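Asker: Here's the letter readout for the chains.
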Amino acid sequence: MSTTQERGDLTGDLATTSVDLIGSGQEGGILDQVGAWWQRVRAGDMGALPAVGGFVVLSVLFSLLSPFFFTERNFANLMTQAATLVMLGMALVFVILLGEIDLSAGVTAGVTMCIFIVLVNVQGVNWIVALAVAFLIGIAIGTFIGFFVARVGIPSFVVTLGLFLGLQGLELIVIGSGGLYRVQIPEILAIQNSNLPTWGGWVMLVVVLLVSGVTSFVDRRRRSAAGVPNRTIALVWAKLAVFAVLGGLAVFLLNRNRGQAPTILNGQEVGGNIVEGVPIVVPFVLVILWVGTFVLDRTKYGRYIYAIGGNPEAARRSGIKVVTIRWTAFIVCSFLAVFAGLFSISKVGSVDAAAGRDLVLSGVAAAVVGGVSLFGGRGRLIHAAIGALVIAVITNGLGLLNLPAGVNYLVTGGVLVLAATVDAVSRVRAGGTILRT
Amino acid sequence: MSVPIIELTDVVKSFGPVSVLKGVSLRAYPGKVTALVGDNGAGKSTLIKGLAGVQPYDSGSVRFDGEEVSLHSPRDASRLGVEVVYQDLALCDNLDIVQNMFLGREETRLGTFDEGRMEREASDTLRSLSVRTVKSVRQKVSSLSGGQRQTVAIARAVLKKARVVILDEPTAALGVAQTEQVLALVRRLADQGVAVIIISHNLADVFAVADHISVLYLGQMVADLETRATTRDDVVGYITGTKTMGVSA
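In order, the protein sequences belong to chains A and B. All residue numbers for the first sequence refer to this note's numbering, where the first residue is 1 and numbers rise by one. All residue numbers for the second sequence refer to this note's numbering, where the first residue is 1001 and numbers rise by one.
Check before you lean on any hint, since a few could be wrong.
Below 25 Å or equal to it, Euclidean Cα-Cα: the simulated PhoX-like pairs (lysine-lysine) are [said to hold, decoys possible]:
#1 Lys321(A) <-> Lys1160(B)
#2 Lys1049(B) <-> Lys1022(B)
#3 Lys1022(B) <-> Lys1044(B)
#4 Lys1243(B) <-> Lys1022(B)
#5 Lys1161(B) <-> Lys321(A)
#6 Lys1049(B) <-> Lys1160(B)
#7 Lys1160(B) <-> Lys1032(B)
#8 Lys300(A) <-> Lys321(A)
#9 Lys300(A) <-> Lys1160(B)
#10 Lys1135(B) <-> Lys1161(B)
#11 Lys321(A) <-> Lys1049(B)
#12 Lys300(A) <-> Lys1161(B)
#13 Lys1161(B) <-> Lys1032(B)
#14 Lys1032(B) <-> Lys1049(B)
#15 Lys1160(B) <-> Lys1135(B)
Please keep in mind that the hints were generated in silico from the structure rather than gathered at the bench. Predicted model only: the values in this text are computed from it and were never measured.
Modelling step: build the complete structure from the supplied sequences, incorporating the hints.
Answerer: Written out as structure tokens, the structure reads:
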């Protein structure tokens, strides 16, 4: 290799810090890593930090204000309430990373569920077939949006605003004005209303820890094989420990009985029920979160989404098929939105002609509150999930306080504007400009 | 004189009735820096876009290593090892240095990124250019200065094993110290055996770094000079059209 002859040229601090490599920010002990992370935060690369902080502050606040907030029952309730929004937020990340928006995602969730329920309840179609149809329609809607945005070149705001209206019309036609259908499929209802057996929760936690640990070690082996430094191994253990403690706490709380206590009638225990275990929707969300994150972080498709969000012209000149990536991102978004619809009808238990209408902006809000940049190119799926939890906590907590619904909208709207401001300001500090080019 | 890597002969390009290149010839040699100068509208960009395969020439021959080749798409250019570093730097601010250098041709194993290998190669490439201004290859490009960005863009071309690197106004937006760094980098690039073509309006830069100077004037190559054997006044004369060489090369 020609590297040996240049070795002599290296002078100054470079030669002392590493023999034959330019730094990569992976060197040093755990304190150096924490220091480097703090530098990035101060430079405006805050990630999910504000959202996590908000989640903690709000949780403490509501625990103090309401005796019902920090209970096993409400904790499980929060999970299922948040699931729809988490899913929708994660779906939207794919298009928001491109600097685009999908205002119709909530209604996509709604209209596919309208068609699903009419197929099952009215037409008598097998629910699995009907579900497949719903997902296909989701894909079709994404294809439609993607065509007009990526190929024709209409701003996504306009295309999806059009669909937001159009799909509501379709819902009305499919369901009929004032119509309402009950969901009677046990498998669908189980997603949000049934729980894993208590051992299932622990198995889930072990799987999460194993997957996280194995990917970390595969990464480290690849880096060692290439001869570049790894982060200190203490970080891997620290990460696994945090997962184990927080996950263990969550599983423990969800595994406790949160059912109705029995009433004593004539010396006999009457009524009451045992409800325990992790809601089935949780592993659903975790799997989708993991797959999506894997694609975004470790595959070309994901990298190209970030590249186009950062600088579409640079992406094009690098040989990336910008049109294809843009187009498919809308398909992914609409496809994942169908899951949000599914979680929603499982929770609510019925479908009406307004399904998904008020979900739209909450989904965008979830992503933005979690730290996904509306300017494109920055953000991760987990950010949208955390953002959705923040919004769900607000809704849940204010509901427990018996405040009027209007306050909920006001607070959520305020949090969204605050989050968007943090996004814009941190972007300037990170060296970017406010203006999109 | 060695064999030119790339040799353009009598290339012609017109847009409708406007002929922009009227039979231009240009040669670039391995290990040499060739400066392409000329006033605005002289046809520099058109000449470069033809080489990059973005806007193919109407007629004329392009020889690569002495063999006639066709340049009709950016892919053709890329396959021959011709890389253009554009003035408005095609980098993604939100990605780090390694990610930018490998954008569009990432190293993967089992369909997933081999980050270690990419980091290694990026680091080796930067070091082979004796880059000392970059602290970490995992820095986001948004945190880099103009000179560092230019460095990354050039290193990106080197990483692709480019044999001809065309730099479009590489020092236009840079301060004095950064200009110095980039020019030194251009020199090292040539020392690796790459044929460098540099477009610049800044004659001080041109004289500092170029071995040959080719002057375009209204779509014609009016002078092909050895830097050592010419003066600034002569070059200015050719650029403005007050001086001619008689026969263009």
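Asker: Does each hint fit the structure? Answer for all of them.
Answerer: For each hint, the structure was consulted:
1. Only pairs whose Cα atoms come within 25 Å are accepted, and Lys321(A) paired with Lys1160(B) is accepted, the gap being roughly 19 Å.
2. Pair hint Lys1049(B) plus Lys1022(B) holds up; C-alpha atoms about 15 Å apart against a cutoff of 25 Å.
3. Under the criterion of a C-alpha separation no larger than 25 Å, the hint pairing Lys1022(B) with Lys1044(B) is consistent with the structure, at around 12 Å.
4. For the hint pairing Lys1243(B) with Lys1022(B), the CA-to-CA distance comes to about 19 Å; that is within 25 Å, so the pair holds.
5. Restraint check for Lys1161(B) and Lys321(A): the C-alpha separation of about 23 Å stays at or below 25 Å, so the hint holds.
6. A C-alpha spacing of about 19 Å is found between Lys1049(B) and Lys1160(B), which places the hinted pair at or below 25 Å, so the restraint holds.
7. Only pairs whose Cα atoms come within 25 Å are accepted, and Lys1160(B) paired with Lys1032(B) is accepted, the gap being roughly 19 Å.
8. With a C-alpha separation of about 11 Å, the suggested pairing of Lys300(A) with Lys321(A) holds against the 25 Å cut-off.
9. At most 25 Å may separate the alpha-carbon atoms for a hinted pair to count; Lys300(A) and Lys1160(B) meet this at roughly 18 Å.
10. Restraint check: the Cα-Cα separation between Lys1135(B) and Lys1161(B) comes to about 24 Å, which is no more than 25 Å; the hinted pair holds.
11. Only pairs whose Cα atoms come within 25 Å are accepted, and Lys321(A) paired with Lys1049(B) is accepted, the gap being roughly 20 Å.
12. Using a Cα cut-off of 25 Å, the hinted pair Lys300(A) and Lys1161(B) holds, with the two alpha carbons roughly 21 Å apart.
13. At most 25 Å may separate the alpha-carbon atoms for a hinted pair to count; Lys1161(B) and Lys1032(B) meet this at roughly 16 Å.
14. Proposed proximity of Lys1032(B) and Lys1049(B) is supported: the alpha carbons are some 21 Å apart, at most 25 Å.
15. Restraint check: the Cα-Cα separation between Lys1160(B) and Lys1135(B) comes to about 22 Å, which is no more than 25 Å; the hinted pair holds.
In terms of the numbered hints stated before, the structure departs from none.
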